[in-house]
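Trainee: The lines below spell out each chain.
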Amino acid sequence: MKNRLKVLRAEVNWTQAQLANALQVSRQTINAIETGKFDPSLKLAFKVARLFELGIEDIFQDEAAS
Amino acid sequence: MDKRKADSNNYTTSINNTNVHMLFWTAAWLASMVLAAYGPRLIWDFATLQTILGVLFNLGVGFGMILSTKRHVQTLDELGKKIFLDAAAITLGMALVCGISYELLEDIRLISGEPQISFLIVLMSLTFMASHAAGHWKYR
Numbered sequence: 113m114k115n116r117l118k119v120l121r122a123e124v125n126w127t128q129a130q131l132a133n134a135l136q137v138s139r140q141t142i143n144a145i146e147t148g149k150f151d152p153s154l155k156l157a158f159k160v161a162r163l164f165e166l167g168i169e170d171i172f173q174d175e176a177a178s
Numbered sequence: 079m080d081k082r083k084a085d086s087n088n089y090t091t092s093i094n095n096t097n098v099h100m101l102f103w104t105a106a107w108l109a110s111m112v113l114a115a116y117g118p119r120l121i122w123d124f125a126t127l128q129t130i131l132g133v134l135f136n137l138g139v140g141f142g143m144i145l146s147t148k149r150h151v152q153t154l155d156e157l158g159k160k161i162f163l164d165a166a167a168i169t170l171g172m173a174l175v176c177g178i179s180y181e182l183l184e185d186i187r188l189i190s191g192e193p194q195i196s197f198l199i200v201l202m203s204l205t206f207m208a209s210h211a212a213g214h215w216k217y218r
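Listed in order, the protein sequences are those of chains B and F. Under our numbering, read the first sequence as residues 113 to 178, first letter to last. Under our numbering, read the second sequence as residues 79 to 218, first letter to last.
So that you can see chain B by itself, here it is in the shape it has in the complex (with noise of 0.2 Å):
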């Protein structure tokens, strides 16, 4: 699964460590989202769109879709 959240941390100007602290997660499991070697719940995903104020869509794309 692909994501933007390393683009759209950069847009906001946030560390992954910052981000890490608002979605209660560790910075490791940011970092592992960000280069795709895990993929988040949906629970998580969820929380990831509403802190960012988008769509679930707008943030990760299935790449077998793709």
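No wet-lab data here; the hints were simulated from the structure. It cannot be assumed that every hint is accurate.
Unchecked claim - Under 8 Å between C-beta atoms, here's a sample of chain B residues computed to sit facing chain F:
(1) 115
(2) 136
(3) 137
(4) 138
(5) 140
(6) 141
(7) 144
(8) 149
(9) 150
(10) 152
(11) 153
(12) 156
Computed from a predicted model, the values in this text were never measured in an experiment. C-beta: ideal position from N, C-alpha, C; glycine also.
Chain B is fixed; fit chain F onto it per the hints.
Mentor: Frame of chain B, contents of chain F only:
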């Protein structure tokens, strides 16, 4: 977006707290194990009541350790849970496969001594630590 929310660090604080609790319960369990093992010989000369109390105390503290580990896992985020679960699965598999093979060695007379449970515990500890470290390395 609220920048202050990003600067608060509840997750790390929670993990540190549960780590300290887990460390405390593990140390207490080890201490109670020493008491249950050596108390009868060195302190109360195999008196039955004290020996039973020592074993029950060891079991009680052991359950406390299990609950503190459960609480720690519940506090982990989803990647942390995945790494922990992967390490636990590998450890369980290793303990089952190697434990039964090790026990078989005596039955088929490839070793002369009685198999020791302590070897299995050392193997499980090393396997869990290695798998856990490998998980963190994989998602670094």
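Trainee: Which of the listed hints are broken here?
Mentor: Going through the list in order, the structure violates hint 1 alone and respects the others.
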